[in-house]
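Chains A and B, in that order, are what the protein sequence lines are. Every letter in the first sequence is one number past the one before it in the working numbering, and letter 310, counting from 1, is 348. Every letter in the second sequence is one number past the one before it in the working numbering, and letter 13, counting from 1, is 738.
Because the hints were derived from the structure by calculation, they are not lab data. Note that the Cβ used here is the ideal one computed from N, Cα and C, for glycine as well. If a hint is listed, it holds; no wrong ones were tucked in.
Listed next, with one range per pair, are the computed distances between beta-carbon atoms:
1) 280/A x 758/B: 41 to 49 angstroms
2) 758/B x 491/A: 50 to 58 angstroms
3) 290/A x 762/B: 42 to 50 angstroms
4) 755/B x 314/A: 47 to 55 angstroms
5) 755/B x 294/A: 35 to 43 angstroms
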Amino acid sequence: MNRRILGLETEYGVVVVPQKGHAGDEQLPTVEQAVKLMFEATPNAFRTTNHFLPNGGRLYVDIGSHPEYASAECDQLADLVANDRAGDRMVQDLADIANARLVERGVAAVIHVMRNNADSFGNTFGCHENYSAARDIDFEKYLRTLTALLVTRPILTGCGDLVTEPDGTTRFVVSSRSEHIATTSSADPTKNRPLVNTKDEPHADRSRWRRLHVISGDSSMIETTTALKVGWTALVLDLVEAGGSIDDLVPHDPIAAMRTVNRDLRGRATFPTVGGRAMGAVDVQREILARVRNRVEPADASSSWVLELVTRSLDAIAADDLERVGTELDWVLVWRLLQRHRERTGAHWGDPSLARLVLSFHDLSPRTGLIDRLRAAGEIATFCTSEQLAAARTTAPATTRARVRGEFLGWAAQHRYRATADWGHVRLDKPTRSQIDLPDPFVNHSDEVQALFAELS
Amino acid sequence: MEQIHRRTSRSADPAPPEEPPMPPPAVAAQGLDSILDDISDILESDALTFVQSYSQTGGQ
Chain A
39 MNRRILGLET EYGVVVVPQK GHAGDEQLPT VEQAVKLMFE ATPNAFRTTN HFLPNGGRLY
99 VDIGSHPEYA SAECDQLADL VANDRAGDRM VQDLADIANA RLVERGVAAV IHVMRNNADS
159 FGNTFGCHEN YSAARDIDFE KYLRTLTALL VTRPILTGCG DLVTEPDGTT RFVVSSRSEH
219 IATTSSADPT KNRPLVNTKD EPHADRSRWR RLHVISGDSS MIETTTALKV GWTALVLDLV
279 EAGGSIDDLV PHDPIAAMRT VNRDLRGRAT FPTVGGRAMG AVDVQREILA RVRNRVEPAD
339 ASSSWVLELV TRSLDAIAAD DLERVGTELD WVLVWRLLQR HRERTGAHWG DPSLARLVLS
399 FHDLSPRTGL IDRLRAAGEI ATFCTSEQLA AARTTAPATT RARVRGEFLG WAAQHRYRAT
459 ADWGHVRLDK PTRSQIDLPD PFVNHSDEVQ ALFAELS
Chain B
726 MEQIHRRTSR SADPAPPEEP PMPPPAVAAQ GLDSILDDIS DILESDALTF VQSYSQTGGQ
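Looking at chain A on its own, in the form it has when it is part of the complex (with noise of 0.2 angstroms):
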């Protein structure tokens, strides 16, 4: 896998609900409320609910009152999971003390915090995907190349979710956020959201790298699935920088055909692709894989793994034995859920034990959610250790800019001294001093920062 900065952001869904002794005319608080509560607990809350942390990652509120981790700048796929879970972790701290307040104040509602793509009304919010490129490379080409995957990579990477259609009946879906995307690139996220944002913000010299920033994903709950859906798509970029193609495989009509493969859970529904030929899901998906294959050297073990779990998934998938990845992908793991508790109580798909049971597979609460259940059980497969998972709350990847950045921050709040920070550069307000830039995402050092360290500490 070439070497690239990659990063996730993740928004947050927040939902209040009503306890036992809530009385039917008191009022909830609203989710803005919700949500300030819960930065009231960040440091300097008075000041900003906008805070770069000193693992590298930032932390904020975001359009629609949604709590958002954007995770440092990784260049390792273990990394980036890890970093990514720590903001799990941070959102649902807050959570914790913010229901401590309600409950010193009487209010008789729980608040929690849900990593998932759409309320229960249809309002969706993102995961999106950062993967820093080399701005010599056409940036159309990189997009013919992403909607050639993105529009059935959920097959691999969708989170699974229950919707209704049309006709009032509800259906199992591979992908949440599928459902949502309208075009297949736009620098509109809210109105027209499409696949890629075509914004181009680098976040490092501009006239080196672009960031693909893409915003089709679902938000990943499986440690397995994050990599697999991280690690794919960078090895897909692999393939274009090496020269290689897929543009072939780019639909006719890509939305529609998005749709398509997100109502089969078999991956076989054909569509048709500008290269002529009628094709599903895993067909487009083996296609790209035998492509990185031939042109791809998986020369590092996340490679190799990543192209082994494709394999596999696709080979389940195609042979309808989606057991043989019951535990590495999202939305496998949610149909067997599904289908158990449908075996166990004979509810229908409209029964809202069956809502609640996808919402708790999303919910971050170790009470009331799944996902540590299903770890201690050892029903989900994991990519990092704990030893990992518990460093990357406060401390930075060591390959990258975010090292630099996250020893500034924690250094200077040993000291007390007031700090800011951008992801491309850090600055000490007081006692001041100049502004130290950080534009290349690759370094991990900076003698400027070292110097500050030696006249202050």
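With the hints as your guide, set chain B onto chain A.
This is chain B only, laid out in the frame that chain A set:
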């Protein structure tokens, strides 16, 4: 009332439930059963309230 994206009706539902276009896979049930047992109260007692409470402005 806005249409609920995830269907939440119970047995009074007049429309027949739709089966996804795939035969149910053989489920290795024992591990999942203990998980489902563990959260049975959550699924049965407050499911409708929880689902209907989840309403948030869209994001990006």
